[in-house]
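Chemist: So the chains spell out like this:
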Amino acid sequence: MSVTVHLPTVLRSHAGGAKDVTADGATVGEVLTALASEYPGLSGQVINGDGTLHKFVNVYVNDDDVRYMSALDTPVTDSDEVSILPAVAGGAVGSSRSLPT
Amino acid sequence: MTLYGSVLDLIGNTPLVDITALSPNPDARILIKLEGQNPSGSVKDRIALSMIEQAESDRRLSPGQTLIEPTSGNTGIGMAMVCKLKGYHLTVVLPSNVSPERRQLLEVWGAEIIESPGSEGSNGAVKMARDLAADHPEWAFLYQYANPANPKAHYQGTGPEIWRDCPEITHFVAGLGTSGTLLGCGRYLKEHNPDVKILAVEPPAGEMVDGLRNLDDGYIPPIFIDSGGAELLDGKKIVRPRESIEWTRRLTEVGIFAGISSGAALAGAAKCAESIDRGTIVVVAADGGWKYLSTGAWTDDLDVVEKRAKETIYF
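As they're listed, the protein sequences go chains G and D.
The first sequence begins at 176 in the numbering used here and counts up by one.
The second sequence begins at 44 in the numbering used here and counts up by one.
So here's chain D without its partners, still in its complex pose (with noise of 0.2 Å):
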């Protein structure tokens, strides 16, 4: 074992586990990168502590001083803890219909929340905290959608981490959200091979909470724009909500206990199994299945866990 001066040393060089008995083609390989296994739980510790760290550096931080990000949680959550570390003060913008478990940890972390409509979804955490913002200049506004350090937090990070364990990969999977993973994780992985494909999931929102009053309110991620996003990519899916908790679930076989954007990422890395003759493919798992407990996705019936899932945010 080692000694750690810091739980921030814990943030990253997450383990990659072959769980090809779960996939459809047993020719395509599928490994799963565990990022629960991060100190405050989720892949969201990576970006944060980048995000922060490149503030310190860039002069944007003062001891004390408050921040303010909107997220459905992880991000939050990871910040939350890093500030407590570092001895800053974290106000989130959340969408009120988060599982409770992300608002305790939250509370837990110390950090100020605050309540965005359930439905307007993640679209209305990001307007509020941007209006906030605006009205706060002293407050330290890092935006996870377009702070260019959280896809590097990926490129430095996870994409090595997976070259290093993986260099055979074919295929890289994982969820869209912010796009900073991948981002970052195919930005690197392309550098080193060209061939590697890197196929993004894309869970829907709601329509019931998507917060639009017409088209035009729509949003995509300034780093996915900046970055060149649409040009990386080779492929986007949809992966619907029944879907996603039947992986999460089928992840307990190999015992592993995610989140429910993990099922969904697998449920797209099972797609790509199917579609190639065969490969290795990589899934992030973004985070634990401890925050969605409440949701009863892995112990109520699969109809009632997916109506509810069309009130609560999962991802």
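Same shape as in the complex, but just chain G (with noise of 0.2 Å):
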């Protein structure tokens, strides 16, 4: 299972510049997992040491904030897109270029 994911602008130094990158797994857990294997320096950035998301880091399945559903265990599928988001104050600019449109 291939899926997109969006980085946010702080993560893509770490994976080559790419605003948009493709990883395999069947949760949002093993698509990140997956993710950092490929780019290291992406390890401990949004997954932590404990295998928990990283308090300052958002990740949405399509529209979705998984950890309002399964978190790291929310299923994914082919037609999915995740996107990471830095979680941020609230009072926030109309812009979403690390989304797709």
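What you were told as hints is all true, and nothing was included just to trick you.
Quick look at which bits of chain G chain D covers, simulated, 3 or more residues with Cβ under 8 Å:
| # | segment |
| --- | --- |
| 1 | 222-234 |
| 2 | 237-243 |
| 3 | 253-261 |
Computed list of lysine to any residue pairs in SDA-like fashion (alpha-carbon distance at most 20 Å, straight line):
| # | chain 1 | residue 1 | chain 2 | residue 2 |
| --- | --- | --- | --- | --- |
| 4 | G | K230 | D | A189 |
| 5 | G | K194 | D | N257 |
| 6 | D | K240 | G | A246 |
So these bits of chain D aren't anywhere near chain G, every CB distance computed over 10 Å:
| # | residue |
| --- | --- |
| 7 | T109 |
| 8 | G130 |
| 9 | R146 |
Hints are computed from structural coordinates only; laboratory data are not their basis.
Yeah, the Cβ is synthetic: ideal placement off N, Cα and C, and Gly gets one too.
Both chains are sitting in their own frames, so use the hints and assemble them into the complex.
Modeler: The structure is reproduced here in structure tokens:
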């Protein structure tokens, strides 16, 4: 299962500057783990050493935040898009260059 | 008509309007709460009054004192109006790229404006205000992101109003922001019916303006953590600028001229309506459209507005 993952600016340098990458996995956790093994610089940035999500990272499958689904066990399929977004203060700016439009 | 002794008495008791005509599922009713009807024009009047009156009763404010607050606009405008009536001086830390109407409204109410870098978004304003507050212990720093009087205003006001007007509510949808609306209303509604689902809508911060050098610069509002926000929410969705503008425009079909964050919240409500068989969704329109006219959100080409949305703070 190959899933498209959208990276935020702060993580792109760890993936050779790529905005979108693909990784294999049947769950969000598997996809992110595969990503970290392909791009070792991402290791520890999204998933902590104890296997939980970094507190300042929000991960979405399509439109939905996985923390309110099954977290890293949330299933993904080929047509899904995973977006990693940093948690920042509310009063957001209307830009979404890290997202599919 | 009722005679009011002060404009402050007009805060709250906003109308709830049935806009099921816009629902993608006719069996999913959508009701919208028009917070733009508050006297300074947004939902933030509620927390402005609540935070200031709480500080007064805690004896943290003295006549003529200066308050400092980071805001992308609405909280500052509400606080500036309340401060003017109560005799305080307000300094706001405002990202440089907010719509010009917001800046002008702050000036109307006599607030002093300190600009934070637009490229750092609200994160930058929060950081600068915290630094300034630390340097000026004589200023009162009510700090909407960490003040329990923020969610309390919604627990005591917005939530009970919704329950009074619509006890058949099944889903509550609002923008995340400081999280005060979701926490206060969510807690009140769940206490009265644990089956009500509480759904957050988050317009993503732009990568060019999120102010992050690394992920550890991220920010979660302290009230969200302190009030158990993660346990209270049943879901959180991202809504993109284009969808937000499209739904802001669609609101005019039912005669509602609301701000762009209202369109974002409605986009979230519409997705919710599609995902359920039947139910009653209540969504919050945080403000009116007036402050966003200069963005051309209603009248310019959608592609142009979307592009412009990448440089201006709309929420």
